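**Q** Take a look at the letters that make up each chain.
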Amino acid sequence: MFEAMAFYFFSAVTIVMFWITVTSKNALYSMSALAAGMIMISGFFFLLDADFLGVVQIIVYTGAVMALYAFGMMFFDTTREVKENIRAPKLVFLLSGMTALLLVIAFVAPIVGDHIEALYPMVEGVENPQAVGIVLFTKYLVPFEVAAVMLLVAMIAGIILAGKKMDESLTLKIDDEFQEKGVQ
Amino acid sequence: MITLSHYLILSAILFGIGLVGVYRRKNLLLLLFSTEILLNAVNIGFAAISKFYGDLTGQMFAFFIVAVAASEVAVGLGLMIVWYKRRGTLDIDTMQSMHG
Chain A
1 MFEAMAFYFF SAVTIVMFWI TVTSKNALYS MSALAAGMIM ISGFFFLLDA
51 DFLGVVQIIV YTGAVMALYA FGMMFFDTTR EVKENIRAPK LVFLLSGMTA
101 LLLVIAFVAP IVGDHIEALY PMVEGVENPQ AVGIVLFTKY LVPFEVAAVM
151 LLVAMIAGII LAGKKMDESL TLKIDDEFQE KGVQ
Chain B
1 MITLSHYLIL SAILFGIGLV GVYRRKNLLL LLFSTEILLN AVNIGFAAIS
51 KFYGDLTGQM FAFFIVAVAA SEVAVGLGLM IVWYKRRGTL DIDTMQSMHG
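These protein sequence lines map, in sequence, to chains A and B. Each residue of the first sequence is one higher than the one before, counting from 1 in the numbering used here. Each residue of the second sequence is one higher than the one before, counting from 1 in the numbering used here.
Honestly, the hints are just simulated from the structure, not real lab data. Worth double-checking, as some hints may not be accurate.
Computed cross-link-like contacts, EDC-like style, restricted to lysine to aspartate or glutamate with a CA-CA straight-line distance of at most 20 Å [stated by the list, open to error]:
#, chain 1, residue 1, chain 2, residue 2
1, A, K139, B, D55
2, B, K26, A, D77
3, A, K83, B, D91
4, B, K26, B, D91
5, A, K25, B, D55
6, B, K85, A, D77
7, A, K83, B, D93
8, A, K25, B, D91
9, B, K26, A, E81
10, B, K85, A, E81
If you're wondering where the values come from, they're calculated on a predicted model, not measured in any experiment.
Given the sequences, and given the hints that come with them, work out the whole structure.
**A** Below is the structure:
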């Protein structure tokens with residue numbers, strides 16, 4: 001009963017928030033609505049007994065990603081309304097609806113065909129974070145390490161791209177300042 | 001009683017909203033927001049399948065999707081800042097240098 005109520009509440013709020021994100025003309029409203037939707041999505045994870053995933057959702061998405069967006073938006077003029085030239089709005093809805101339908105078919109086909117088997121069944125008598133740790137550090141250790149390297153690469157790329165003087169090309173433009181630095 | 005179908009339908013609705021955003025928005029920043037919605041919609045589907053089939057693989061994939069999303073934001077935002085410094089706009093329609 002409470003599960004059903006929570007599910008419908010979370011789904012209604014999430015859908016409304018994401019709809020605001022997609023349609024709002026103000027980038028700041030859009031970002032705030034996205035952050036609210038992310039928090040509500042973590043509620044689904046707690047409902048689904050994926051406690052660790054829910055906490056990761058809150059920390060990574062609303063803590064890190066949205067904070068990064070907020071800092072990034074300081075570079076852009078966000079108080080101005082976003083002007084967009086939208087062509088054929090009905091076609092957009094038709095295409096999105098059909099793609100989402102294809103997604104449902106792709107997900108449901110194996111379920112209908114009864115071809116899903118649990119490869120790594122959940123360990124009995126263990127809480128979710130422990131079970132996640134057991135699977136993550138045995139079966140998925142290599143992807144985990146690769147993901148760590150990928151995050152490191154992304155961090156370096158972010159620092160290099162958003163750093164100072166990067167609006168000028170270092171290789172193509174021969175600036176007096178660069179030449180002076182080269183002499184010294 | 002909430003079943004797997006409920007969660008999958010919700011996932012599809014959110015994915016559809018994200019797709020509307022991807023097709024419709026012409027601002028690069030808002031386009032990146034829409035891709036976040038897409039990733040989150042798929043995450044819900046993975047977590048639901050993981051619960052209803054008693055398999056942790058779905059949650060593992062959701063974790064790796066979160067990691068990919070975080071690195072995507074770091075690189076994408078950096079590229080967007082460079083573009084904004086050069087052109088002063090994030091409109092996709094102006095994002096062409098070859099006039100073919």
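**Q** Against the structure shown, which of the earlier numbered hints fail to hold, in ascending order?
**A** Checked against the structure, the only hint that fails is number 5, while the rest are satisfied.
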